[in-house]
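Novice: Given the coordinates of chain L, assemble chain U onto it according to the supplied hints.
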Amino acid sequence: MGDAVRRRIEWLIEKSLLLSAIVGTLIVMLIAVFTFLEGFPFLAKYGITSFITGKVWDPAYGEFGILSMIIGTFYVTIGALIIGVPIAVACAIFLAEMAPQPLARLFRPIIELLAGIPTVVYGFFGLIVIVGFIKSHFDVPGFSILAASIMLAIMILPTVINISEDAIRAVPKQYKEGSLALGATHWQTIRYVILPGARSGLISAIFLGMGRAIGETMAVIMVAGNTALIPTSMLDPVRTLTINIALEMGYAYGDHSSSLFATGIVLFVLIICLNALVTRLKRRVTE
Amino acid sequence: MKMQRRSLRIEETLVKAFIYFSVICVVFALFNILWHILSHGVGLITWEFISSYPRDMGRAGGILPSIVGTACLVALAVAVAAPIGILTATYLAEYAGKSGVMRAVRFSIDTLAGVPSIVFGLFGFAFLVIFCGFRWSILSGGLTLAFMILPVIVRTSEEAIKSVPYEYRECSLALGATKWQTVARVVLPAAAPGIVTGIILGIGRSVGETAAIMLTAGSSLGLPTSIMDPVRSLSLHLYILVSEGVSFEMGYATASVLIILIFCVNLITNLLVRYMITKRMGAGAH
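Here the protein sequences come in this chain order: L and U.
Count the first sequence with the working numbering and you get residues 1 to 287, in order.
Count the second sequence with the working numbering and you get residues 1001 to 1286, in order.
There could be a bad hint or two in this list.
What the hints assert, rightly or not - Straight-line alpha carbon distances no greater than 25 Å define the calculated BS3-like cross-link-like pairs of lysine-lysine that follow: (1) K15(L) - K1098(U); (2) K176(L) - K1016(U); (3) K1016(U) - K1098(U).
Claimed, not checked - For each label pair, taking beta carbons as the anchor points, the in silico distance ranges come out as: (4) S1051(U) - G62(L): 47 to 55 Å; (5) M1228(U) - Y251(L): 21 to 29 Å; (6) D255(L) - R1185(U): 54 to 62 Å; (7) R284(L) - C1171(U): 36 to 44 Å; (8) R191(L) - R1103(U): 31 to 39 Å.
No lab work stands behind these hints, which were simulated from the structure alone.
Using N, Cα and C, we set each Cβ at its ideal position, and we do this for glycine too.
So here's chain L without its partners, still in its complex pose:
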């Protein structure tokens, strides 16, 4: 085979690989285009501000305000982070710094399994055990921000643990050795040297956990109560943005359907922003 032909083939292969690599980009663009195409005319007609700051959601009467769901998503996510992040970071420290080999080898599959359990199964468990627990202890129906936060806290654990552990492990060994050589205890070293060194990785971990919590649907839908009202306490039911779509898409048409796509736009934009933040953090680490 001639050299020129061979070079031709190589060139062709490289370009076709590039083509398949672009498929991912294409899908992201298609998602953006289609959600915007369906949702944007509605937003233009109804007004973005009245959509986002409207307090009443009543599609049958032409009221499409998602403020209660934005607040609901916010509370549930913050709740999940408050419960989940300390536990996850502690587990990451355990895995990266403290656990002897055999113990870590036992612990890791547990985290993997936690990551693999289908979200509906979590929801089912939450519905019976967590909601039941809250119901019997606080004298309320139990479907609440608290239940959803606990559920999500468990679900974001694997994400936050894995990325935090990587971040902690990526801190150069010399830093640790230097600190120990100066007479610092192991905990002092972790606190003043390792954790600050792993800071941007830890922050990425939290953001990614946050993204997961914001985007979660099936587990939350079964425990949150789904009322489209602004909650006033942790034990009040909420509806998140994702729930809104999943719950009503089945029978929506016309403006109602478009308003759900508009809800999707809000979610999509939120996630893109979070993702851009994480990418920027990552770049800062590598540079």
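Specialist: Showing chain U alone in chain L's frame:
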């Protein structure tokens, strides 16, 4: 000084206690979930449950159509996502430098990994079900799943390809092989276990996925006869059983089937990873 040291010691003890407490929490959470579901559900899994049609909207009978439906959806998703994912990973790991194209591709893959499953569902509904006219079908659901698991396969495969020792490539190139020959005959075979791991992770994700399927695959209780038929996946079946209060018992049994499936997926992945590590260490020894 003494005071300081004592407070330090107290702090250390507290922190250590919190760390152990956290670890125990995680272990407890997992075992609590598994125990709760399996103890209520495993006893209900019989051959009849697995091999018969649901009766009375799922209150009785079995889950055969859902098992078949899930299998079809997952098979289609993997058949579409695996080739694209592996080729993308190959491009990212072997061909793309630090170009703008690569940055765009990586950003898309990261975004795709973060997009909420319900947004995939919306997209699948607007694009596949309505725009392409695929209706609620295995085709729509499977393609939506394929888009979802693409990032999983890309990332895992890319890691696997990157971890193939550099000497392999140098040897092959030194023997006069072209770049593609090196990639196709040396690098990819060496990375195969890692790539398979990625595919299995993708399978695990699509087995458990619900929100995206709900809006694209329909919820028919019949056995599908073609790729254009609607199906109800196991996870969606579980959701409907529980959320509509059809039958908690059947819910437990279905959830147990799902957990057992995921358990198998994780087991296979772990075995593969272990095989990979021993093989790599073996390769390093001589």
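Novice: Are the hints correct? Go through all of them and say.
Specialist: Status of each hint after checking the structure:
With a C-alpha separation of about 16 Å, the suggested pair K15(L) and K1098(U) falls inside the 25 Å cut-off, and the hint holds. Our distance criterion of 25 Å between C-alpha atoms is met by K176(L) and K1016(U), whose separation comes to about 18 Å. Between the alpha carbons of K1016(U) and K1098(U) the distance comes to roughly 43 Å, so the proposed pair goes past 25 Å and is violated. Distance hint check: the CB atoms of S1051(U) and G62(L) are about 50 Å apart, consistent with the given range 47 to 55 Å.
A hinted range of 21 to 29 Å holds for the C-beta pair M1228(U) and Y251(L), which are about 23 Å apart. Here the CB-CB span from D255(L) to R1185(U) is close to 57 Å, well matched to the stated 54 to 62 Å. The beta-carbon spacing between R284(L) and C1171(U), approximately 37 Å, falls within the hinted interval of 36 to 44 Å. At roughly 35 Å, the beta carbons of R191(L) and R1103(U) sit within the given window of 31 to 39 Å.
Taken one by one, the earlier hints fail for this structure only at number 3.
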